[in-house]
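*Asks:* Protein chains in written order, with this note's numbering: chain D, 1 to 596; chain C, 597 to 765.
Since the hints were derived computationally from the structure, they do not count as laboratory data. This structure is a prediction, so every number in the text was calculated from the model and none was measured. Some hints here could point you the wrong way.
Derived coverage of chain C by chain D (criterion: at least 3 residues anywhere in the stretch with Cβ under 8 Å from a Cβ of chain D; other residues may be distant) [what the hints assert, rightly or not]:
#1 686-692
#2 697-704
#3 724-737
Straight-line C-alpha distance at most 30 Å; calculated DSSO-like pairs for lysine-lysine [what the hints assert, rightly or not]:
#4 C/Lys-706 / D/Lys-244
#5 D/Lys-222 / C/Lys-761
#6 C/Lys-713 / D/Lys-247
Here are a few chain D residues that face chain C, going by a calculated C-beta distance under 8 Å [as the list claims (entries may be wrong)]:
#7 Val-204
#8 Arg-216
#9 Arg-220
#10 Asn-223
Backbone N, C-alpha and C define an ideal beta-carbon position, used for all residues, glycine too.
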Amino acid sequence: MPPVEQGQIKARIKELIDTKGVVIFSKSYCPYCKKVKELFAELNVTYEVLELDLIENGSNYQDVLVEMTGQKTVPNVFVNKTHIGGCDKTMQAYKDGLLHQLLGVESTTYDYDLIVIGGGSGGLACSKEAAALGKKAMVLDYVVPTPLGTSWGLGGTCVNVGCIPKKLMHQTALLRSSLEDARKFGWEFSEAVNHNWETMKSAVNNYIGSLNWGYRVSLRDKNVNYVNAYGEFVEPHKIKATNKRGKEMFYTAAKFILATGERPRYLGIPGDKEYCITSDDLFYLPYCPGKTLVIGASYVALECGGFLAGLGLDVTIMVRSILLRGFDQDMANRAGDHMETHGVKFLRQYVPVKVEQLEAGTPGRLKVTAKSTETDEIIEGEYNTVLIAVGRDACTGNIGLDKVGVMVNPNTGKIPVNDEEQTNIPHIYAIGDILEGKWELTPVAIQAGKLLARRLFGGSTVKCDYVNVPTTVFTPLEYGSCGLSEEKAIERYGEENLEIFHSLFWPLEYTIPNRDNNRCYAKIICNKLDDNRVIGFHYLGPNAGEVTQGFGVAMKCGVTKEQLDSTIGIHPTCAEIFTTMAVTKRSGGDIKQAGC
Amino acid sequence: MAARLLVRRIWTASAKNFRLLPAASAASSSSSSHVSSLNTSTHTRSFLSPSCVLPLSSHRCISFNVQDHDDFTERVINSDLPVLVDFHAQWCGPCKILGPRLEKAIAKQKGRVAMAKVDIDEHTDLAIEYGVTAVPTVIAMRKGDVIDQFVGVKDEDQLDSFVNKLIGQ
Chain D
1 MPPVEQGQIK ARIKELIDTK GVVIFSKSYC PYCKKVKELF AELNVTYEVL ELDLIENGSN
61 YQDVLVEMTG QKTVPNVFVN KTHIGGCDKT MQAYKDGLLH QLLGVESTTY DYDLIVIGGG
121 SGGLACSKEA AALGKKAMVL DYVVPTPLGT SWGLGGTCVN VGCIPKKLMH QTALLRSSLE
181 DARKFGWEFS EAVNHNWETM KSAVNNYIGS LNWGYRVSLR DKNVNYVNAY GEFVEPHKIK
241 ATNKRGKEMF YTAAKFILAT GERPRYLGIP GDKEYCITSD DLFYLPYCPG KTLVIGASYV
301 ALECGGFLAG LGLDVTIMVR SILLRGFDQD MANRAGDHME THGVKFLRQY VPVKVEQLEA
361 GTPGRLKVTA KSTETDEIIE GEYNTVLIAV GRDACTGNIG LDKVGVMVNP NTGKIPVNDE
421 EQTNIPHIYA IGDILEGKWE LTPVAIQAGK LLARRLFGGS TVKCDYVNVP TTVFTPLEYG
481 SCGLSEEKAI ERYGEENLEI FHSLFWPLEY TIPNRDNNRC YAKIICNKLD DNRVIGFHYL
541 GPNAGEVTQG FGVAMKCGVT KEQLDSTIGI HPTCAEIFTT MAVTKRSGGD IKQAGC
Chain C
597 MAARLLVRRI WTASAKNFRL LPAASAASSS SSSHVSSLNT STHTRSFLSP SCVLPLSSHR
657 CISFNVQDHD DFTERVINSD LPVLVDFHAQ WCGPCKILGP RLEKAIAKQK GRVAMAKVDI
717 DEHTDLAIEY GVTAVPTVIA MRKGDVIDQF VGVKDEDQLD SFVNKLIGQ
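Please put together the full structure from these sequences, using the hints given.
*Replies:* Written out as structure tokens, the structure is:
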């Protein structure tokens, strides 16, 4: 190539770079080039493109570009005189805001760096972290009242209608069994022991009220702008916020995080929304629910049914097929059996068809008609309260996601994201219960939200680890787990490659009252192909959350069966069982416990 | 709960209507009728508000629930009297202990100081504006300025001296 010509081409390239905002050196058939062009088109940015396969001396251009940038491939992208690079580099620059900075749109165009839709655990954690990193953040939170009119404050499901009231009411029930035990330990008190629903409800609601306020104050302290309004997209970077008086405001942001959570699903049968309650209503019910039918076998169903029975109420749980779908079925059935021996009635293989009101009141009387899932049998029953707990639906249907093209699973309403919680629309992210295939747990949402904010605004690369997440179901006998269920472990590794150790145990505290012998159960699933590493941890017994948390740490560290065996137990406790497990499920050996 | 909220809403709405009517007529009337219409309004207020238990001989109500931001401006910031503002919440146990003690301390002053009660869940913006982080928070205001404040429960003697300090005794 004559040097003159090369010099001319170099000058031509320089001129382009200096005079045009965006220059893409491309080849007409290259899919990566196409992707980059589409990106700029989507951003409404005009660009200059040179198709090197179509112009004269195209390969000479490419040689000069190598000399100038060290990059041999196309696309080769320049934005405002700055060399960006190829497709991946351009996408990365778009994601981390460099592109906007170079295009000079970011700071001037949008009201906020980040708007979070949803003031639950995940949304609050994320917005506070973003604000702490110096970004201008806003949270929109709005509670749509239940069909019966129940509503609550800031903080999302966990605080208002989930973990917090649930565990406090579970504790109320546990106290009753402690009262019964107490007599065996020598405590003497008059026979009549009554429970006052109103007292419990007010105490729980008051505590929640203080938490709502605490969240509000912490948003102010962290300089997060809080708006009590319903948010929905109207444009890719613009949302409409409607407050309870119907006043509409519009806000724009560079990035958005969807954290709208889920709400209880109804049955779609006559009388469900008119006469039935869900967990959203239960924790604020102004009167004792009385004889209750719980419909569903979700953990919400078992927990609510469990504590209501623990308060001394007549409780029936109607189950379509299995208990605690997705959880270890051996454990789920043991938890269910325990409930059954403690007075909870189960109607198995039935689905409700209608609910009628016999009498209004607090509580009133309702008639429930149900049909068998296996035969034509129809049954009827009369209850004071019917609680529906058949699952929860993601609140993604009415927030304008269709307007901005965010992909939603049409069957579940859940949002698929990549491993950085990014939706198919690059500037819109999602966290918490609305994510497809992820845990629906408050601490997971908090962790994901914080880490996301740090990646978006703090230069971090740490992603949320969704593996080995410990959790606990607060059934009357609590069930804690971490890692894989037995079913999942077998599916993944094959039964022959697993060693499952298990044992029944009798908490010392239960011995004097002589209750629940051989009910509590411990199980660990070890992977023989990997040093007998513990891949599943299961515990049915008192204080399951407290027990499981520590073993969750151990599993994060990759604990093996040998390491558990070499750990000294704390005597006398329930958790020590995991340091002495010797009987494998395969062996069929005796797992009843006797003595120290 | 829904019923309770509804009752409160109706009550608030009617209280506002009653209060606004005489004030509107006062704007276009002479100074003598201004006084009489003011009296009507405060009288209406004490009739409606369950907390207005201490009407004085002048029919002025010195303890009242703040209705909204404008009401706060009118009756607290623009008040001629020094005002104690009691930021409280329904879910707050200590507030229920402090409230009656404050009423008592105010009553002892025989009209030299007023008390405004602000429910922080209903008037969150006011509470946020005045930097309330925990309840009960009591701030002492004179001519629109915050001159003193405390958080938590105090005994009667402490409240008396707090109030005395506010009115400059």
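*Asks:* If a hint holds in the structure, say so; if it doesn't, say that too.
*Replies:* Consistency of the hints with the structure:
Using a Cβ-Cβ cut-off of 8 Å, 4 residues of the region 686-692 of chain C lie near chain D, which meets the minimum of three, so the contact claim holds. Closer than 8 Å: that is the beta-carbon criterion, and the region 697-704 of chain C has 0 residues meeting it against chain D, so the requirement of 3 is violated. Counting residues of the region 724-737 of chain C whose CB falls under 8 Å from any CB of chain D gives 4; the rule of at least 3 is met. For the suggested pair C/Lys-706 and D/Lys-244, the alpha carbons sit about 41 Å apart, so the restraint of at most 30 Å is broken.
Our distance criterion of 30 Å between C-alpha atoms is broken by D/Lys-222 and C/Lys-761, whose separation comes to about 34 Å. With a CA separation close to 27 Å, the supplied pair C/Lys-713 and D/Lys-247 stays within the 30 Å bound. With a cut of 8 Å, the hint placing D/Val-204 at the interface with chain C is violated, because the nearest CB-to-CB distance is about 10 Å. The restraint placing D/Arg-216 at the interface with chain C holds, with a minimum CB-CB distance near 6 Å, inside the 8 Å limit.
For D/Arg-220, the interface hint holds, the least distance from its beta-carbon to any beta-carbon of chain C being 5 Å, beneath 8 Å. With a least beta-carbon distance of about 12 Å to chain C, the hint placing D/Asn-223 at the interface is violated under the 8 Å criterion.
This entry does not satisfy hints 2, 4, 5, 7, 10, going by the numbered hints stated previously.
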